[in-house]
Amino acid sequence: MRVDIDAVVNGRNHRLSVVPSHSLLQVLREDLGLTGVKNGCEEGDCGACVVLLNGEPVNSCLVLAVEVDGCEVTTIEGLSHDGELSHVQQAFAQVGAVQCGYCTPGMVLATQALLTRNPDPTADDVKAALVGHLCRCTGYVKIVEAVQLAAEFQRSEGVTMHE
Amino acid sequence: MQGFDYLCPGSLEEVLDFLASCEGSARPLAGGTNLVPQLRWREVKAGCIEMRGNRPDFLVSLRRLKELEGLSDGGDVWRIGSMTKLKVLEQAHLGEIIPLLRAVAGGMASPEIRNSATVGGNLCNGSPAADLMGPAHALNARVRLASVSGERVVGVDKFYLGPHRTALGKGEIMTALELPKTLCSAAWGFSAYATRPSMGMTLASASVIAPSAEFQEARPIRLALTLSSGRPAILEVALPADLETAQDIVEGELQSAIRKQVSKIAACHYSQENPQVPAWYVERRAIMACRHAIAQAWSQLAARRGA
Amino acid sequence: MSDTLIGKRLPMMDGPDKVTGQHVFGADFALPGMLWGRVLRSPLPHARLLSVDTSRADRLPGVYAVVTGDSMDFPKYSVAGQKLLDDQVLATDKVHYVGDEIAAVAATDADTAEEALGLISVEYEELPAVFDPVEAMNPGAPLVHEEFGTNIAVTMDFERGNLIKGFLEAYAVVEDEFTTPMVHQGYLEPQAGVAAWHGDRLTVWISMQTPELARITYANGLGITPDRIRVIQMPMGGAFGGKLEYKMHMIAAVLAKFAGKPVKIVNTRREDFMAGTPRVPMRIRMRVGAKKDGTLVAKETHIIAGNGAYTNYGPGIMLSAAHRHDNLYRLDNIHTRAQLVWTNMAGTGCFRGFGNPQSHFAFESALDMLAVELAMDPAELRLKNSTQTGDLTAHGWVIGSCGLSDCVRESTRIAGWAEKWPNRVTGDTGTREVAAADGRFARGIGIACCLHVSGNRTFLPYFDGASAFIRINEQGRVLVQVGETDLGQGSRTVFAQMAAEELGIPVEWVHIATVDTDISPHGLGTFGDRATTLGGNAVRKAAQAAREKLLAWSAQAMMSKEGAQPAAASAAGGRSLRMVEPTRRIRKEDLKIKDGVIYLPEDPDMRMTVQEAVCQYSYDHAGSTLNAEGDFVVPGVSMVHPETKYGNISCAYPFVAQVAEVEVDRLTGEVKVLSVSAAHDLGRTINPLLAEGQVQGALAQGLGFATTEQMVTQGGRVTSDTFRRYHMPRITDMPSIRTVFVESDDPVGPYGAKGLAEPALTPTAPAIANAVYHAVGVRIRDLPITADKVLMALETKEKLGEARRR
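Protein chains in written order, with our numbering: chain C, 103 to 265; chain S, 1132 to 1438; chain U, 296 to 1101.
Just chain C, same shape as in the assembly:
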C-alpha cells in the first residue's frame, strides 16, 4: 500500500505517493527524474547515491523513501543556482577531479557537507570524510586537491556555506 509523504527536494515542495519498499534513491531517480543521483551498488558501499538529508550526507540507497516525510533533501541538481556552479563544483571541474563523472555527484555533495562543518580541512580530514566514496577512474589524488581548492574559494570569498 502506497504511503503519502511530503518532502522538500532541492528547495521545492513535493507530495509523493511512494511504495514502502522503494529506497529514496529509487524515488529520486524514477519518480522525480533526478538521475544525477547514481546507483553504484545499492548496498551503501560506494557512495555514488549520496544525497544531503537535512544537510547531512547519507546513502540514499539505504534510506526508504517513506522515511523522508517532513525532511529536506538536496541532490546534485540542487547545488548550482541560476546555472552558476558552486565552489565545490567549480573546483572539481577545474583541477581534473572528474573523469567519467559517475562518482562525482556523491563526492561533491559530501564535500559540500564537509566544508560546511569544517571550512579548513587537512588532507586527512578530506580522506576521512570521503572514505565511503569509491572512484575507479581518478585515483583520488585530484579529488583531494579539488576539496582543498574549494575550501580556498570559499575562504577567499568569505562565504559561509548555506543550503
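Bear in mind the hints are in silico, worked out from the structure with no lab data behind them. Accuracy of the hints is not assured; some may be wrong.
[Unchecked claim] Which residues of chain U face chain S? A few of them, derived with a C-beta cut under 10 Å, are: (1) ARG961; (2) LEU962; (3) THR1003; (4) PHE1018.
[Stated by the list, open to error] Below 27 Å or equal to it, Euclidean Cα-Cα: the simulated BS3-like pairs (lysine-lysine) are: (5) U:LYS586 with U:LYS679; (6) S:LYS1312 with S:LYS1289; (7) U:LYS889 with U:LYS844; (8) U:LYS967 with C:LYS229; (9) S:LYS1218 with C:LYS229; (10) U:LYS715 with U:LYS1092.
Even for Gly, the Cβ is constructed at its ideal location relative to N, Cα and C.
Starting from the structure of chain C, add chains S and U where the hints point.
Structure of chains S and U alone, referenced to chain C:
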C-alpha cells in the same frame, strides 16, 4: 502480494502496542543501514538466483521516537538511547564521557553510514562484525528492552547469543544501552583487525577497560575479544604492575580462549564470506589486537598515575 | 609562452555537465513506454537444462514478455572476429557457469520484473564442473563444451632465435611460476542498456566502448545483418575494458522484440560481479637467462590462461601476454607456449592492459630475480637491455620511438633510487646487510617497466586505423564525428584540442559527438590504447582537410571582397559583394587562422572571421555546412602471422617505468606502498592535466591488482560480489604519486603522441613485489600480495634460516 505495510508511530506506546497485537510479522526500522538491503527484493541466496527475501508484513519505523535518542543520566549508569546515531558517539559531549565508544565509532564504515545507523540497530542486528559489540561487553553494558508487558534490563553478554541472534523477544524493542559510569571513565584500549583498513568487515577486535584508579592496585582488567564467529570472549585478568609481565600473562590466558574461538571460525559463515583470509592469520591478528589494546589501556593508566 | 592547445592543461569539456548531474549515462537513459528487464541466471556452474517453465511468470499482471533459449533461433556466436562460436544469447541445452543467462522478463516496473523472475521454474541436471584451468586441461576433466572435444580452446606456440644456444650462454638462469587472479574492472556504473525496435531495425542505447564491434557481434548473436542494428553509445560511468560486447544488450533486444516496447536492463552490482567479464587469470612459468654482465640471452615461457565458460577476447589477451613484454628489451632467443582453457566460470575478457599486467608481473619479477643472482642493480639491468628507438625486435616490432631508458632514469631519479637501493643487499640465501635488520618496519624500493601498443593488429581481422568526419557551421561551430568512444578519460577533450589546434579556433567551438553507428565512421572503438594515436590522427587529418577547404574558400572570398564596402566585410552574412577585379592574388597558403580569425599576416586588414567565411560558403553551397573527412590508415603495420605471431602490430609503442617504495610490517606482514614514481613515454603530452589523471587512476588499479583485489569464488560462485568484499582502493589507500612524462616524439602519432592509459597500470604490481623483496627478502609470486602471504613467507624464511644455522 508485494512489499510490506509501513507505519511511523509517534510514541513508544504506539509502537509496542502494535508489535504486540499485529497479525503477521513486524520488524522495527531504526537507521535502516542493515535492514534496508535485507528487505529488498533481491537477496542472493546460496543458489545465486536473486529472489525475494524474507519480508515482514509490517515495517514499524522508530524515527519519530525522539525520547530514544541521546545521552541521559541513569544514576550509576550512562544511558544511550537506542535510536542514537553512531555519529553522535564521536561527538564532543558523548565522546568525552565514553572515550572507548568514540574511538570505535570513528572507524565504523563511512560518515554517511554513521549519519543513518543507530546504536540499537548495530546491537540488535547482531552481525558478527558489529563494532559496538566488543566494547559493550568490555564496558559490562546492559541492554534495556521494552514491550507492552513492561521493561527489562539484560546484560549484553546475555543479550547477544551469536551471529544474528539476540535475546530480543517477540514484541520487544531495545530502548537504551546502559553503561556503568565507573567503567566509562576508566582507562581503555581498542584495536581491531578488519578485511581492509576502512570500509571493511571487522574480523577480530579487542576492547579493554582497565578500571584501576591506583596503578599498583591489581584490579581486574576487562578484555572483550570478538572474533566474528561467536560471542565475544570476556576475560577478567588480574594484572601486576609490570606491563611486560602483564602482557605475557594476558596472552597466556588468552591463547586458550582464542584457540577455542578460532576453532569455531572455520565453521561459521564469516569464513564463507572471507575465505581469502586464513584462520591462522586471523588468530595472529587477534592476539596482536589484544596486546595493542592492553598496551593502550596501560599507557593511559600510567598517564593518570603520573597526573 | 606558446598559445598552442597541444600540451595545454585543459579541464575536461564536459566537466560542468558531470558536476551538475546533467550528464546522462547509459544507466540513466529512458524512453517513453519503456519496460524494465531482468535476467534469470543459473545457480549452478554446469548443468543440463531439462525444462524451463515460464507459464506463471507469463501470467503475472504487468509482464509483457518472458523469453528463454527456445523463444527463437539463437545462433552460436562469439565476439567480433572470434571464430570459436561457443556462446548463445540465452542458454539452450546447458548452462556453463553460475550466472549464465537462462531466461529474461520485461515488465512495467522493476518490482514486477523481479517477482516474475521468481515465478520461472527451471529443472536442472547437475553436471560435474571444473574451475581451475590447469585441472581443466587434464584428460579426465569434465568438458565445458563437448562439441569441441577438449577444454583447451586455443594453443599458441612460437619460437625466435635459438633457445638452447641462448641458455648455453647464460651465466645466471632463474625459473619460477607466477599467478594472477581474476579481478573485476569495478566500473561504478553497472552494465546498462536500452533496446527498441522500429520495424525490423534495432536501436540500442548502451554504455559501451566498441559500438561498431557491437553491431557485428549482436548481428551474429541475433541472427540478423549488421545494417539492421544501430548502436548509440551512451556516456559511461567507467569501463576499463569491461564494456565491450555484452550479452545483456542482446537480451534487452530480444525482450523488446517480443514485448513490442523498448526495454531497459541494468545489472545489479552483484550481477555485475557474477556475470561480468573479469580479467583473464593466468599461471605463467618463466625461465630467463642472462650473461654475467646482465645481457639477456634466452627466455622460455609457458602460460595457462583461464577463458571461463565462453570465449570473449581471451585469445587476443593471451597473445598479448605471450609476446608483448618480449619487446621491452633486446632479446633474441625466445620460446613461448600458451594455452587458453575453458572452465565453468564467467567468460573472461578485457581489462586495462589486456594481458600485459599478468605477463609483466611474471617477467619483471623474474628480471629482479636475475638481478639478485647477478648482484646487479635492477635498474642497471633494465638499462643494459632496453629496447631503443629504431630497433626491430625479435617479434618484428618496428620501434619508431622509445623513451624507455629515459623512463628508467627519470623514475629512479625522482624516487631517490641511488640513495635507497644500495642500502640493502638481498640474496636468496638470506644474507642481508641491512641497517636495523631487526626493526619491525622495513623499507624497500623496486622497479618495473612495461610497454604497450597504440592500437594493434593481432586479433581483429577487419582493419585498424580510424576515420573522422568534420562539419563547420555558419556560426563557426565545429562538429567532429569519430569512431572512438570517450570512456570518461577525456578523449573528446583531447580530440577537440587537436581539431581546434589545426583550425586555429577556440577549443570551446569544437564538439566531439558520441558514437552513433548510423552517423559516425565505423571505427573499432576505444580499447588497445588506440584512441589518441589512431583516432587523434584521423581527427587531425579531418581538421587539416577542413582547414584547407576553408582557407581555399576564404582566399577566394577575400579577393572578391577587395572591391567591396568595408562595412560589408564585417557583416556576418548575406550581403552580396560587388564583383570587382581583385587587386592582388591571395593564395590559401598565405592565410593563417588564429582565435577564429582568418587573416593575411602581411596585411592585417585582410581578415574575416571563420563564421563569416563559413557563412558565405554555406550560402554559396545551398546551405551546406563546410564538411571534410580524414582517415588514418596505420602505416607499416600488419596482422600477425597466424602461427608464428610475427609482425609489426602497432605504429607506436608507449613505454613506462615505475618505481615503488614500500614499508613492510614484519609483525603483521602488511605492505604499505609509500610512493610510486612513474615515468611515462607517451610520445607527446597533448593534455597534461588529463594525462596525470590517467596515470593516477591507473596506479590505483595497479595498486589494487597488486595488493588487495581478487575475485573469490566458491564452487564456481563469486562470493566477493559486493564492494564490501571486493577490495578496490579507497581514498585513504593511495600512496604519494610522482609523475614524469617523457616525450619521445613518435613519428607516427599525432603531434608525436602515443597511448598512455593502459600501460600506466602494468608495472605497478611487479614494482611493488620487487620492493617487498628488497625490503624483507621474500618474493610473493601469486597476486594479490596480501599480509598473510608475506607473513607466511617471512616465517618460512626464518625457519629455513634457523635450520641452516643449526
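Hint-by-hint comparison with the structure:
| no. | hint | result |
| --- | --- | --- |
| 1 | ARG961 | violated (12 Å) |
| 2 | LEU962 | holds (7 Å) |
| 3 | THR1003 | holds (7 Å) |
| 4 | PHE1018 | holds (8 Å) |
| 5 | U:LYS586 with U:LYS679 | holds (11 Å) |
| 6 | S:LYS1312 with S:LYS1289 | holds (20 Å) |
| 7 | U:LYS889 with U:LYS844 | holds (16 Å) |
| 8 | U:LYS967 with C:LYS229 | holds (17 Å) |
| 9 | S:LYS1218 with C:LYS229 | holds (17 Å) |
| 10 | U:LYS715 with U:LYS1092 | holds (24 Å) |
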